[in-house]
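A.B. asks: Order-wise, the sequence lines are chains A and B.
Using my numbering, the first residue of the first sequence is number 1, and each one after it goes up by one.
Using my numbering, the first residue of the second sequence is number 438, and each one after it goes up by one.
These are computed hints drawn from the structure, not numbers from a lab.
Positions of the beta carbon are idealized from the N, C-alpha and C atoms, including for glycine.
Hints are not guaranteed to be accurate.
[Said to hold, decoys possible] Incomplete in silico selection of chain A near chain B, CB under 8 Å:
no., residue
1, Leu33
2, Glu179
3, Met210
4, Val222
5, Pro227
6, Phe228
7, His231
8, Ser232
9, Lys241
10, Thr249
11, Glu252
12, Tyr274
[What the hints assert, rightly or not] No more than 25 Å apart at the CA atoms, straight line, and that leaves these computed lysine-lysine pairs for BS3-like:
no., chain 1, residue 1, chain 2, residue 2
13, A, Lys162, B, Lys1015
14, B, Lys1047, B, Lys1015
15, A, Lys214, B, Lys1114
16, A, Lys110, B, Lys1044
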Amino acid sequence: MVKLNSKSPEQMITEKHVLALREGFHRWASLELGKMPALGDARWTADLIYANWVQAETGRPPSNGLNFQTGNSEGGFDLLDFKFLPESKWLPASQEPDTSIPLNKRAYDKKIQIPIPFYGGGMSYGSISEQIMLSRARAAKKWGTFTSTGEGGYPDSLVQYKDNVITQIATGLFGVREETIQNAPIVEFKYAQGAKPGLGGHLLGDKTTMAVAKIRESVPWVSLFSPFPFHSVYCVEDHRKHIDWVKATNPEALVSVKVSTPTDVDMVAVGSYYAGAHIIHIDGSYGGTGAAPEIAKKNIAMPIEFAIPRVHEHLVKEGIRDEVVLMSSGGIRTAYDIAKAIALGADGCVIGTAELVALGCTRCSNCERGRGCPFGLTTTDPELSQLVDPDWGAERISNLYKSLQFQLRDILRKLGLKSVKELRGRKDLLIYRGNHV
Amino acid sequence: MSDPSNLLLQSRASLMSDENVAQPTYEREAEGGCGVIGIACSEKIPAKHLLQSLVQMRNRGNGKGGGFAAVGLVAEEFGTTQKILENDYLLAIAYLDPGVRTDLEKRFIVPTFEIDHQGKFDPVPDYRSINGLSVRPPDVHYYFVRVKESVFKEFQTKFKLEKLERYKIQDEIVFQNSFALNQAFYASLGEKKAFVLSHGKNMLILKMVSHADDVVRYYRIEEMRAHVWIGHHRYPTKGRVWHPGGSHPFIGMHDALVHNGDFANYASVSAYLEQRKIKPLFLTDTEVSVLVFDLHSRMYGYPLEYVIESLAPTTERDFTMLPPEKQKIYKMIQEVHMHGSPDGPWFFLIAQSEPQKNLQRLIGITDTSMLRPQVFALQTGEATIGFAASEKQAIDAALESLAREDKRFWSRADRYWNARGGSHTDGGAFQFTIHPDGAKKKLICTDKFGHEISIQSAKRPAYDRTKSTPPAKPFAVKLTDTADELAAKIIEKMPSWGYGEVLGILSELETSANEDCNRGRAIQVLTTLMDRRHPAGNLRRSSLISLYDESLARIVESIKKNPTTAYGFRDQSKPSQKPASPDQTLVIDARPYQPEGPDSLSNDLVKMYKLGFRRFMVVHAHGHRFIGNGFGIDSKGVRMDVYGSSGDYLASGIDGMEIHVHGNAQDQLSQIMKDGKLVIHGDVGQTFMYAAKGGQAYVLGNAAGRPLINAVGKPRVVINGTCLDYLAESFMAGDPLNGGGFVILNGIRFDDDANIMELDTPYPGGNLFSLASGGAIYARDPYGRLTSDHLNGGEFTELTDADWNLIKPYLDENERLFGVPVTRLLQVAGKTVSPRDIYRKVRPGKVRALQAEEIWVHKKN
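Just chain B, with the same shape it has in the complex:
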C-alpha cells in the first residue's frame, strides 16, 4: 500500500465512502449512439468550423444533449495571461440556478484555491431564439485557480504523499474538490443547482441540453480558438427531463471524453471502479469510461498504449501476431483490468492536455469489434490538421468551412482511414499530439504503438491558396479530342506541370463547358482526373482534387444558369418537369435537401425517376443517406454519378441500376442489393453489402469491417485494397462456378506516384469467410500471407482454370474502371506469374457440417 498511486487512491476513501456519497436522486441514464467529431490542429482554430459538421450530423443526436471540449486555448480570449492559462486550473462551473453562486464559491472555491482570474460567458439574451432549445442552459462562470499552499500541505501530510510529485497531489485535490462540489450541488439534489463542467489546465468544456452546434451559438463562442476540439451530439433514450450534466464530454482530470456507442457491462465497470474508490455521479457509461481512463493514465501512470490496451484489448489472432514481449505485458493488463474494459459498441474521442509537457492531444479509440463507425483523416501543409469522426462527411464539412476562411487549408484531406479496433496492426487507436516547435506548434499523428502516420505526399507543395497562381496554357485543347483522349493527354503531361498548368487546363475545360456539346466531355475529363490514381509529378493529390471539385462546381453553376437538353438542372422552386430528352442528365445539387425523411434527396431522386429521368448527376452531397434507394424492381438503364460526400445506405436494395461514387463512400452501402452495379472510386465503410442478393461492385480502395456479411445469391465483388475484418461471414452465395457469388480481394494500394504496391497482407483481420456455406473468396496473396488461422469453416483450395475464367472478366472490368492492369495483378516483385501462383481460393469447408443431412448433401457433390 506504499505505492504512491495507491496512496493517492486511498486519499479518496472517506470522500467516496458509501456514507458520504448519497445515491444520486436520478436513475441511470440510457443512451445510444451519437455523432462525434474531433479536430486537432497545429494552429488554433475557431469553434465555428465545427458548426457545419455538427449541423450535418444532427441526425445522430436528438437534441437532448450536446457539448464541446476545447484544449489549447487562447489566453487573451479569457482576458488573462499565457502564464496563468498554462499554470492554473481552469475551473468552469455550470450554474443551473445562478442564485447558488455565492454559496458555492464560499464552500468550494475560496477555501481551496487562489483565484488568479475569473469571468463568465455571455450567452444570447433569449435562449428561445435558438430553435429547438427547450431548457434554459446554465450560466457558465470560469475561474483560473491554483491550490492554496495550506490546503496542499494539509492534504500531503494527511495522506503521507511526500514522495509524490507536487502536481499530482494538486491534481487530486482539484479532482476531489470537484467531486464534492458535484455531490453537494448536483447529484444529491432533486433540483439540480450547479456542477463542474471542467477543471483541467488549458482546457474547457461547455455542454447543455441541445444539439452540440447550439452550444456554440448559445454561448457565442464561434470565434473562440483552440488547438483541439471535440464535439458531441447525444441521443439519450430515457427521461422526460434532461440535465446538462448528462451531456458529453465527461471529465477525468485534464481529459474530456465523448463517446459514440452503448456498452453492455456498465455494472461491471462501475463495480471495477468502486473497488478502486471511484464513484460515478452522473450514471452514464461515458462517465465511467473517462473515469477508467483517468484511473489508468493519471493514477496508475500507464503509458497511453497500455491505457488503450486496457480499454480495447487485443484478442484472438491479432493477439498471437503481437511480439512476445508485448503479449506478456498485454496479458497482464487484460488479466487485471478486463472488468474495467467496456464491452460492446463504442468509439471514444478524448481531448487531453498534458500541462507538464505543454502538450495537447486528440485521441480516437475504437472498440475491438469495430462496431461503431469511425473515420480518421490528416492534412499536412503550412498547418497540419487531424480529424476523427463518426462520418467522413463531417470531416469534409469542417475542412470546407476552414478552407473558405483560412487559405492555409483546403477542402480535402491527404489521407482518410479507418482504425482496426484491438488489432496488432494499428491498435484501433490514433492520437494527434500538438507539440511545441520553437515559437510554433507541430502536430504528430501516431497509432497505438507509437508508429507515426506520415503523409508521404507532404513533401510535395500543396496548392498555395494564399497567393494567386497565374494560369498557364500547357497545350491547346482540340475540339475533336474525345474525353478519354483528352484525359489521357492531361494525365500523361501532368508530371511536368505546376499548379498554373492545372489551373489553365481546368479553366479551358470550364470555358468549353459553356457550350452544350462540350459539357459532357468536360465533366467526364474532370471525373476521370478525380477518380484515376495517376502520377502527378510534384503536385499534391489532395490539392488537385480540391481544385477539380471547385472546377466541377463552376461547371454545375453554368448548367444551373443555362440548362440544356443534354444537362438539365433540378430546381426545386419550379414545378418538376419531364426530361427534355430520354438521355438528359439531371444535375441535382444536394445541398438544399435533408439527409433523410420526406424532404430528402433520396425521395426526390425517386420522384425524378418516376418522371422519366434515367441519368442523374448528384453534386455537393454531404452525408445524404439512401441515395438510389426506393427505385424498386428492375431499374436497369439508370445511371447515377455521385460527387461530394455521399452518406450511408447508398445503393441499398438497388435492382439493376448503376451507381458511381466519385470518392470515398460511407457505411451500410448496398444492403440487400439485388442487381446492378456499384463502382466506388475510393474506400467504403462498415457492413458493405450486408445480405446482398446479387449485382456487381467494384471498390478501388478498402472496405471497413464486415463486408458481404450474410450475403446470398450471386453478388460479385472486386475489392482492390483490403477489409478490416469479418469479410463475408456467413456467406451463402451458392457455387461461384455455377452462377453463385464471390469476392475478389486484390490486396493492393497506390503510393503517391500512383504505383501499385502490395499491402503487407491482403487481409489483416482474423476472421475470413467464417461460417460460410456458399460462394468463394479469391484473394491475391503473392507472398502467401494468408494462413488457416484466418479461417473458421472455410478452406484454401487451388485456383482452377474454371475459376480464372470466371473472375478474369471482372478483373478486366476492374482495369477499365480503375486502371488497375490485370497484367500488374499477375506480377510478383516485377515478375509475371500464372494466376494460380498468385490468387488463392477460399471455399466453404465441408468438415463442419452441422447435421447428418448436410454431410449427405456434401457427399453427393
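Bound-form chain A, shown alone:
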C-alpha cells in the first residue's frame, strides 16, 4: 500500500501548533508586534518574559530595549542595584571571570564543581511532562550542572542523564527507591518549599494521569498530597539520621537540604550543617508553581533577599560558612537576580520558573487544573506534552544558561572581580533603590 503521507493527522496537527508557538515566541520577543496586552505581572514583567525568550533563542540578552534585569515588583531584587566601578577600572574584556562554584566544601566526600553558579530546581513528573524533564536534563548535561527530579519519581528516560540529575526526596517519598538514590550524585531532601511552607507538595486529581499514578504507584485520578513534615523527622537528630540513611544507601552522594525561609531559617541551616548536609538550599517565597494554594503563595515565608544574608551571616558567625554551600531559590529570574543573591551571601542559585519561561511559559498560572499548561509544559496530557520536543527544549534552556553566564561575567567584570566566588557576601557592592528605609 502506498502511503501518501507518512504522518498521521495528529502529528500534522501537533506540528502546526508547534510551529505557530515557536514563531510566536520569536515574533513577540522581537517586539515587531508591539507588546502583548496583559502579559506577565509585576514580578515577571512582560519585558522579562520577552527578554527570556530572546535569550533562549540567541544565548545573549536582548538589545532591543527590553528590561532584562529587573521587574516592577517594587521590592526584593527589583530594588537592588550594583555599585559598578567606573569603566576605567573594569576588568579587560579579554579576561573572563570564573563563574564556577563547588558544591561540596567539606573536607571529605566527592568534590563536585559546576561551571555556572546555578542549577535546575525540583519539578516532578506529574507537575511537568517527561519532555520538559528531558529538556532540562539535556541542558544540565551539556553545561555540567544539574537538574532535579522533584517529588514524582525518576522516569527511565532520565537514567542516561543520571550524572546530572539530583534525586529529590520529599515528604511523600513518591517514586523514591534505592536505585533512584543510588543513581544520584546529589540527593536533595525537600523539607519545605518557599511557595508553600508548612504544606507538602500536592498534585491535584486531574493531573494524576494513569502514567503519573504508575510511576508514583498511587491510584490514578486521585489528588496526591504529600504530608508535612516528614513523618520520620521531627527533630534535628532525626534529620541527621535521615541524612545518614541516604549515605547508607549511597555513600558517594552529596546531600542537599531544601528548606523554606521561616523566621528561624538561620538555625535550621546550622542544624542541617551539623546533621551532615553539604548543601543548604533555602527557598524563598516568590517562587513556586501556579499550583501552590493562593493562601500560601507569597504570604508565609520570608522573602529570599532577607533570608540569604541572615543565613549567610549566621553561618559566618558560627564559623562554619566555608564548610557548607548555600544555594538560594524562590523567584530567581535573571542573571542580575543571581548576582544579587550571591552578593547577599549565597554561593549560588537554583532556578525553575526561568527555565519554563524559556520553553514558552507565559506565567498564565493554569498549571494545576484540567489538562494543565496550554504550552505543553506543566502537563502530562499526552497530546499537549507533544508541543515540546526535548532537543528543542534543551537548546532553549542551554541558550538561556549561556546568556546568564555571559551577563554574570559582565557584572563581575564591572565590579572588578575575577571570580563569582569573590562576590559572595559582598553586600557592600549593592545599593538599595527603594524609599522604604
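Position chain B relative to chain A; hints supplied.
C.D. replies: Structure of chain B alone, referenced to chain A:
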C-alpha cells in the same frame, strides 16, 4: 487571692518583676531531639551502668550538652548521715569561675541556710584527657542545708503564709534563693560564673558541655549509686559557645526533667508562665517545661494525673472514650492550662523525689501525637527495675551492663512497651515509684490513671544467677532429628522442666555445634526457641531468652574460632574474602561497628554482598542503623537474620531480600521498601513502612504510631497485635483485589502461657486509614469494637470470598512464621466462625472525593 498557692506565687512578685530580672545576656537556645534514658530500681544502682546506653546513643547528641540526675542517693557516698540526706536540701552549685565561691556563699548560702555538711566532686585532673571535651567543666560543690529559722519566719510573716505547711514555705525559699543566685551569677552576666545544678532533697544533678557519658567519667562518679537515674545527650543547634547551664536536666524543686524534642509554642508557654510570676532564665524549652511541671505539681498541688493531662491533653476520640467525670475534670484542666501545654514533638523524663513521703520516682510522658520515639520496660525479680528511653537498645545496654556485675539482674526485661500519648488507654505516661517496704524498697509501675503495670510472669522464678544450677539431661538429642523436630520436642517438654534441663539441652546444642554439620541445626533450634511463644511451665520467658542469647553467643564464638564452608565469620582485621560456598552464611559480630557512617555495619554488609555473600547472620547488634540498606535493585535470594537490638531504618528500601529480626525492632523500618520480606518476631517502632511501595511484612507483636503512612503500590502486611494510632494514613496502595496492598490487623496478644488472647480492641487509636485512597485494612474484630468514629474517609465493608482468598495465604504464612494458627484466628470465645464474621474490611470511602474528576472515576468503577 487568699488561696495558699496564690499567696505562694505572690511571694515571687517582686523577685521576678521586670525591674529585678535583667534580660539574659544570651539568646534563646535552639535545640532539637536528643537521646534520653531513665532508670528506676528498687536497689540503688551505680552510674556506670548507664554508660554503655549513653555511648550507644551518642548519635542522638552532638557533644554540646550532657547531664544526669540521680534521686535516692547513698548518704555515705557524700560523707553524711541518712538523716541529713533525707531532711536537708542538697544544694549543688556549678562554679564555672571557682574564684566566685566565697562571694557566692557569703551572699546566697550563709545568710539563708544552716549548712549541715558540704563537699566537692573530685574530677579527673585534666579535662582534655576525656576525648571530645572542649570546655573545662565547672567545679561542683554541694551543700546539705536547712532554711534558717529566722529566714523562714520572716518569709512566712511577710507573705502571710501562716496557713501553709512549713515544708512548702521552705521549698519556696530555696527555689527563690536559687533563682536569685542564678540571676546574679549566670543570667545577667556576659561571663558566666556559677549556677545552681540542683537543690531538691535526696537528689543531685550534674551536667556540662559534653556527651552525658563524659559527665560520669569527668566527675568520676561511676560507682555513685541511686534509685533513680536520668541521663541526657543534647543536640543544640545554635551558638558557638555553649554553657553547661543550657544542658539538661533542668530543675523545678524536687524534680529534674530531661526532654527529647522541640516544641513550637515556647513563646506561648513562656507567656503563660509569666502570667503566673515565673520567669525562665536559661531560655530553653526544657526549662519552661519543668517550670510548668513544678507550677502544677508543687504550687497548685495537682495530682500527677492532672499534671500529665495539663502537659499532654487527651483529645479527639480518646477524650470521648473517657468516663464522664474524667471528661469534666480534664475539660477544666485543658481550658485553663492549654496555653501552658507544650505543642509539638516531645518526650519528658522526670526524676523526682517526694521527701515528705520518702518516695523516689521516674516519670516518662509522651506528647499527644507520639512524635518522639519512646520505649518503656520492666524487669521484676529479687530486684525490680524499670526503664524509659529513646531506644530499646539503650535499655538492653543498661540491663546487660547490670547483669554482668550484679547477678540479681539479667539481660532481658520481662516487658517492653510504648506509650500512647494523650490516650484514654494509658494516658501516654508511666511512672516508676520507689516505695519504702520495711527495711527494703519496692518499685511500683503505674500508668497515668494509676493502673498498675504488673508482670504476670513475676510469679515464676527467674533463673537465679547468684548460684550455679547443675545442668540436667532431659533427653538424648538424636543426630537424625531435624531442627524442626528437635525444637518441637524441646517446646513440648519444657513445661515440665526446671532451668537445669534448659541448661542441659543448651549445652548439648552448643557441643553439637562444634561440628559443622550440626551448626545450622543448633542455630535454628535456638532461634525457634527465641522466636516462638510457647508454654514454658514454671520458667520465665525473659530468663529463658537471656539464656538463649548467651548460648547463641557461645556458638558464635565457636564459629569465630573455627569458621567453615557452612558458617564463615567476618573478621575485619583480615582482608575480606569471597564466600567459601554459594550458601555460606556469613556471621557478623556487630559490636566493632559504628551505628552509621563510613565504618558502619550497614556499609560492611553491602560490601560483603558485593563480594558474593547471600546469607548473613548479624549478632550482638546494639542500635546499628540501616541494616539491609544500600543493597540496591533486585536483592532477591539474600537472607539476613538479625539478633540483638537492631536499630532504626532496618530494611529501608529493600528490593527483594528477606530479613528476619529475632526480637523487637526499632523505628522507621522499611521506609520505601520496594519488594522482599521482613519478619519481626516482636514489636516494631514508629513510622513502620513509611511510603513503602511493596513487599511483605509480618509482625508478631505491635507497631507503634503511624505505620504504613503514605504507602503506595502493593505492600502486604500482617500485624498480629495492634498499632498505637494513625495506621495507614494516606494509604494509596491501589485495589487489593487487583494487585494492590493491604494490612491485616489481628488484634491478638500472648499471655504468659503463650495462649493467644484477644486485645480489648484491635485498634485503640482514633485514626484508622484516614484519607486513604487505595488499599484496605482487614481488621480482626471479633467483638465489633471498631466503629465509624475511628475512620476519616474510610468505610467498613463486608469481607467477600475474594477478600478471604486474598488474605488467607498471608495468614497461612503468618502461622508458619509465628505459630499463630488460622483456625485460632477464626475463633471467638472458643467457637469457630466464618471469616466474614470476624474480619472486617476497611476500604477508602467514595464520598469524600475532592474533585469532580475523582467522582467521575469512582462512578466508572
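A.B. asks: Against the structure shown, which of the earlier numbered hints fail to hold, in ascending order?
C.D. replies: 1, 3, 6, 11 and 13
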